[in-house]
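*Asks:* The chain contents come next:
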Amino acid sequence: MAGPMEQFAVKVLHPINAGGYDLSFTNSSLWMAIALAAVSIFLFVGTARPQLVPGRWQAAVEYVYDFVRRMLDENVGPEGRRFAPLIFAIFIFVLACNLLGLIPWVGAFTPTSHISVTLGLAMLVFITVCIVGFARHGLHFFSLFWPKDANIALGLFVFIIEVLSFLSRPFTLAIRLFANMTAGHVLLKVFGTFVVSLGSFGALPYVFGILPLSVNVALSALEVLIAVVQAYVFALLASLYLNDAINLH
Amino acid sequence: MPQFDFANVFLPQLVWLAIFFAVLYFAVVLPTLPKLGRTMQAREDQVTGDLDAAEAAKASADKLAADYDAGVAEAQESARAALNAAHAKATKSLETKLAKADAKLAERVAAAEAELTEARTKALGEVEAIAADVASDLVEQLTGKRPTAADAAKAARAVAG
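Keeping their order, the protein sequence lines are chains A and B.
The C-terminal position of the first sequence is numbered 248 in numbering that gives the first Met the number 0, with every residue numbered one higher than the one before it.
The C-terminal position of the second sequence is numbered 160 in numbering that gives the first Met the number 0, with every residue numbered one higher than the one before it.
This is chain A alone, in the form it adopts within the complex (with noise of 0.2 Å):
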């Protein structure tokens, strides 16, 4: 039986070498590009013929891309809906990549559970935020490690810590949607190990089998929840570091 940690084995389905480089296609490219399509569906259908009076797939689009604009509206303000698209993007790839992932099928794949890929999409924000922060502010944008009102030796103090809390921001993003994914897909693995363990108890086949199911139909829900508050999550922590580089306190 595959050990609960083979589901995020990354196999190489088409190698490519560039340059000295692997950049192989793998199951993960796969499952992204899996991602990719089925956004492109959702966004290309629904905005097709933009109609005032929307239809089914028009009215999810808008509900999400609402949704999406609130939340910036609450976090940055009137400046953030620049950001819409692009907080919306990553907001509904790494939803999709969750929920991909939990498909229960034996080739499924959630690139999100891999912190290179969360990584990269932090990094994405953390690069997006110094560059909105420095391009408003300037130099300016350090005022945000400073704390008001306080004098030199604390000042430097709190500054030391701010600086570090803010280069640890895309690792902790990072980290937070990795740690989530890959202990819901454990924890998934294991209860289903003990499905087939405990069913092919020799003397009452199957009876024993029952429980374990039952708690993995649970967190099966548990785990939908989870890939929807994860990927908000993501998105509100990317608004709320956006607001910093914005609107300096």
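Please keep in mind that the hints were generated in silico from the structure rather than gathered at the bench.
Among the hints, a few may not be true.
Sample of chain A residues at the chain B side, in silico, Cβ under 7 Å [said to hold, decoys possible]: (1) ALA88; (2) GLY119; (3) HIS248.
Backbone N, C-alpha and C fix where the C-beta goes; we use that ideal spot for every residue, glycine too.
Following the hints, complete the assembly by docking chain B onto the known chain A.
*Replies:* Frame of chain A; chain B shown alone:
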């Protein structure tokens, strides 16, 4: 954990993520979402406009209703005034007619009374004459001598007293 096998999994995933996310952002999200955003804005504008128009229509309808109420009240007021005037006029004319009729009636009563008095006086006079006559007759039969008319009338008047 395969996730921490960075030597093998980091670069290919990051590169494909960059490719797919770039495609997602530039080729999928940017051509579709702003279009949808404009539609949503247009809808919002139209709803706001419709609400404003509805509010204006309601205000004008309210004004019409108020005008109508005022007109009805005014008409009622004038109708009441006309009614009062007509009533007063009718009362007055009735009173004059009644007074006139009363006067006529009083006149007639007075005339009748005068006539009656006259007739009574006349009748009394006649009764006195007859009494005198009868008394004269009685005296003549008893005494064989007829008293004078003046004496008879005097006696009769004394009896009638």
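*Asks:* What are the numbers of the hints that this structure violates, sorted from low to high?
*Replies:* Those not satisfied come down to hint 3.
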